[in-house]
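Novice: Residue numbers (my numbering), protein chains in the order written: chain A, 270 to 782; chain B, 270 to 782.
Any given hint could turn out to be false.
Where chains are identical, the list cannot tell them apart; a pair therefore holds if satisfied intra-copy or between any two copies.
Taking lysine-lysine and the BS3-like style, the derived pairs with C-alpha atoms no more than 30 angstroms apart in a straight line are [claimed, not checked]:
{"hint": "1", "residue 1": "360", "residue 2": "739"}
{"hint": "2", "residue 1": "780", "residue 2": "770"}
{"hint": "3", "residue 1": "330", "residue 2": "671"}
{"hint": "4", "residue 1": "330", "residue 2": "616"}
{"hint": "5", "residue 1": "360", "residue 2": "375"}
{"hint": "6", "residue 1": "731", "residue 2": "385"}
{"hint": "7", "residue 1": "601", "residue 2": "330"}
{"hint": "8", "residue 1": "360", "residue 2": "609"}
{"hint": "9", "residue 1": "375", "residue 2": "385"}
{"hint": "10", "residue 1": "718", "residue 2": "287"}
{"hint": "11", "residue 1": "748", "residue 2": "360"}
{"hint": "12", "residue 1": "330", "residue 2": "609"}
{"hint": "13", "residue 1": "620", "residue 2": "531"}
{"hint": "14", "residue 1": "531", "residue 2": "617"}
{"hint": "15", "residue 1": "506", "residue 2": "287"}
{"hint": "16", "residue 1": "287", "residue 2": "663"}
{"hint": "17", "residue 1": "609", "residue 2": "597"}
{"hint": "18", "residue 1": "385", "residue 2": "360"}
{"hint": "19", "residue 1": "506", "residue 2": "780"}
{"hint": "20", "residue 1": "663", "residue 2": "617"}
{"hint": "21", "residue 1": "617", "residue 2": "330"}
{"hint": "22", "residue 1": "620", "residue 2": "731"}
{"hint": "23", "residue 1": "601", "residue 2": "770"}
{"hint": "24", "residue 1": "624", "residue 2": "671"}
{"hint": "25", "residue 1": "620", "residue 2": "601"}
{"hint": "26", "residue 1": "624", "residue 2": "531"}
{"hint": "27", "residue 1": "597", "residue 2": "330"}
Everything labelled a hint here was simulated from the structure, so no lab data went into it.
Number of protein chains: 2
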Amino acid sequence: MSNIRHALSVKRSDDFAKWYQEVISAADMAEESGVRGCMVIKPWGYGIWERIQRLLDERIKETGHDNCYFPIFIPLSNFEREAEHVDGFAKEMAVVTHHRLIADGKGKLVPDPQAKLEEPLVVRPTSETIIGDAMARWIQSWRDLPLLTNQWANVVRWEMRTRMFLRTSEFLWQEGHTAHADQAEAKEHTLRMLEVYRACAEEDLAMPVIAGEKPENERFPGAVETWSIEAMMQDGKALQAGTSHYLGTNFSEAANIRFQDKDGAQQLCHTTSWGVSTRMIGGVIMTHGDDDGLRVPPTIAPYQVVILPMLRDKPEDEALLSYCEDIKTALKTETAFGEKLRVMLDKKPGKAAAKRWDYVRKGAPVIIEVGGRDMDNGVVSLLRRDALWAENGKPDFHSPGKDAVAQSIPDLLAEIQNALFEQARARRDANIRTDITEMNQLSEHFDSKHVHPGWVEVQWCKPTGDELEKVVEQLKELKLTVRNVPIGAAPVDSACIFTGKPAVERIYVAKAY
Amino acid sequence: MSNIRHALSVKRSDDFAKWYQEVISAADMAEESGVRGCMVIKPWGYGIWERIQRLLDERIKETGHDNCYFPIFIPLSNFEREAEHVDGFAKEMAVVTHHRLIADGKGKLVPDPQAKLEEPLVVRPTSETIIGDAMARWIQSWRDLPLLTNQWANVVRWEMRTRMFLRTSEFLWQEGHTAHADQAEAKEHTLRMLEVYRACAEEDLAMPVIAGEKPENERFPGAVETWSIEAMMQDGKALQAGTSHYLGTNFSEAANIRFQDKDGAQQLCHTTSWGVSTRMIGGVIMTHGDDDGLRVPPTIAPYQVVILPMLRDKPEDEALLSYCEDIKTALKTETAFGEKLRVMLDKKPGKAAAKRWDYVRKGAPVIIEVGGRDMDNGVVSLLRRDALWAENGKPDFHSPGKDAVAQSIPDLLAEIQNALFEQARARRDANIRTDITEMNQLSEHFDSKHVHPGWVEVQWCKPTGDELEKVVEQLKELKLTVRNVPIGAAPVDSACIFTGKPAVERIYVAKAY
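Given these sequences and hints, build the entire structure.
Specialist: And the structure:
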């Protein structure tokens, strides 16, 4: 199939980072805004986010959470309360110091010195402290627990090096915050939400993930435990796609979140927080994209089926459009994944072939082209985005009959969804080595000659403190990090690869975004 | 019915402003956050916003708009470009001047002087200028037009005097921004979106509105025409519930939004913008609330039916819960307004009567209570929130059979939706005077003795410039403003009430929020 002329100019195997940028621009998903570190999310990118939001929001509500909205501004003093938390975030926040602009007399505007805030406000990098204040007001007794809240919001973390969707100064996310009567319940909830994220990633985004606990050094600032889902990108790097934190009583102490227990005693709440963000979209691109652009899993595609009439600006166009409208109407009555099909009939002027490649690059799951000959034969020309090329190196068009095509789409979409997941899972599994037990093997494997070394599962003694620091340093030299301690791993059976002590658990190490 | 013991402590007729605050707190919709001018929107308030969002978003998409997301930060220099625009907003913006905090060595955090931004960033008060930059990049030719975008976002306008939902420093809204090839199309689109707002207000929120053009002095900063929908609150004041602006080429000139027309010539685009915000929720409260709390129209109620089992912490509870689950299951198969019913079975501990009054105050459209006696008789006890009290001053419970109740709910909800709208419309129409032709009549009518003077429709000569300023001053003395020039008003037939010149059009004058 070397004669294929792919729709992108850069191949994954040639320059993955450049390929990533090209997918985003070729699929018209987002662009630099001109404002430092902030992107503009364009309709196709935002449409995918809306789908992720809708599906994840349902899962979050099903687990008993209510959505709320908290202020974007957090008083600076809130950050002074929880020492570890502020250490983690202090370096990268947008600070509002004035509430008015005035003309400087030279045709420019400047912050009005008369309108300096007494206490600066921070644009939320995350909302633990401000939601903690609300929880302290809302919780009096054990009857108020558990308190299960969630918020969809924008947050800002000043980033020096940004990459669209993966690391931007402003990003969109959901942040869940819950309060519980005791440790057991809070820990259980932390894992429940991790499982919600796993299900969302795998079932909605068709992105296989490994759920597990982060090592001590990778914890969220102020957390007692941090859990993550980790996905393998096509360059073998790991992407942390969601995190769930058990915060113990750290934030409760700082914000005074207490309740009266059944015996009348005052107790501190145990809290959790968990979030996923627009970073997920970067994960979708690097999991499913190919050398022709993005491939969007049908569950989260803004449009699952795109109909392209081959208009020629002639009177025959009318019959062709009516033929296409029939197909659209039939498709609109079908459901897939429990929802009505999302169908687009593109009537805009422009050549059908050019449009086809636009939607290939965008990764619409099914493209239906209709030309005069199709109409005469009572068929359509159908392309599956996940299986674009025929053996002969040409687009692999199928020709189902016009009257039968609509009812075949739901099964086809399910097949595509499944195929994308299975491809990604097979690729990931093929790129995890489990046979490495010595540090020199590890360095050799991650040697620069390996373009895509994938992940390595090793066993370690679960070091803490200084001993962990040493391990982190060793890994850093290889540009590696511990991704997580996977849930449900096989028992240990060898020595710690770092210290030679008896191993305690298995971990994944990898390069990461 | 003077023996009714209402669920709120303040009556609308006693102190409308205090009543408004009590509804918000009694319905648990929102609260002060402790951050100046920002509120916390709680689940019931946010749930209503989610419903408004969902329904309005569908309407916006149906009219061809795609959702995007633009940066929250706008470089200060963007505001220097469009002079009128900056005049309108310059006084009330949150200004980010630093991107890092550091410890001051005394246990406090301060903005890091080393991290001062070269150019301050403004937290968006509205996004015309930043979206204008994007439009200038996106539009090259007439083929790119019309460009129809929308964004759901938070915005900040520093407010000195705030009132929850009605005027807060941070609020949530949608802002649509479009670019067109010529004036006619842009003006037509401005009115199309005004009509979308009218339909949303009246059909989704059951809130009757008058659509019309704002006078010159009330235009959005930088707009050529500003149109609004105005609703009458129960104290007779007007609430501007949504605006749609034709911006001419003002923002296109400032941001250089040009296109090549079919003849190859460069032309400036004509742009529009339009928005509605969480202020709508304030309108819902003041349109539908009564002395027992909020009444939420079924279309936007987070839950349309609330089932309250009268649990007694005894073994019989199990049978009662199973009876209630049956009702819930039956309700879940029903649809109203083209969507599945939203039903809540409240199993939390607590007395049923206390819960009933909680949901009365929240304004759930239908409350179904089930006690042991109901179960024995195979019925339920049903309350319509919009018709709460019987002639005898007691809650007006109905007793439909358990097996028939579910299928009666869709019609009942439609009836409630309609009743709320008709009540509001009748109230509004009864409170508009059209017989006032002289200024002394006007001042007399709006004299302090009139508690709820409502609106007055008068005729005027459509003054501009200084002449308009004089009129505005005259009205200001009576604490009045011109609300709008209603679309489709009767022809003029008298003199201008302000100048005595021949009248040109009819306008509404009123006190306003």
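Novice: Hint by hint, work out which the structure violates, then give me just those numbers in ascending order.
Specialist: 6, 8, 22 and 23
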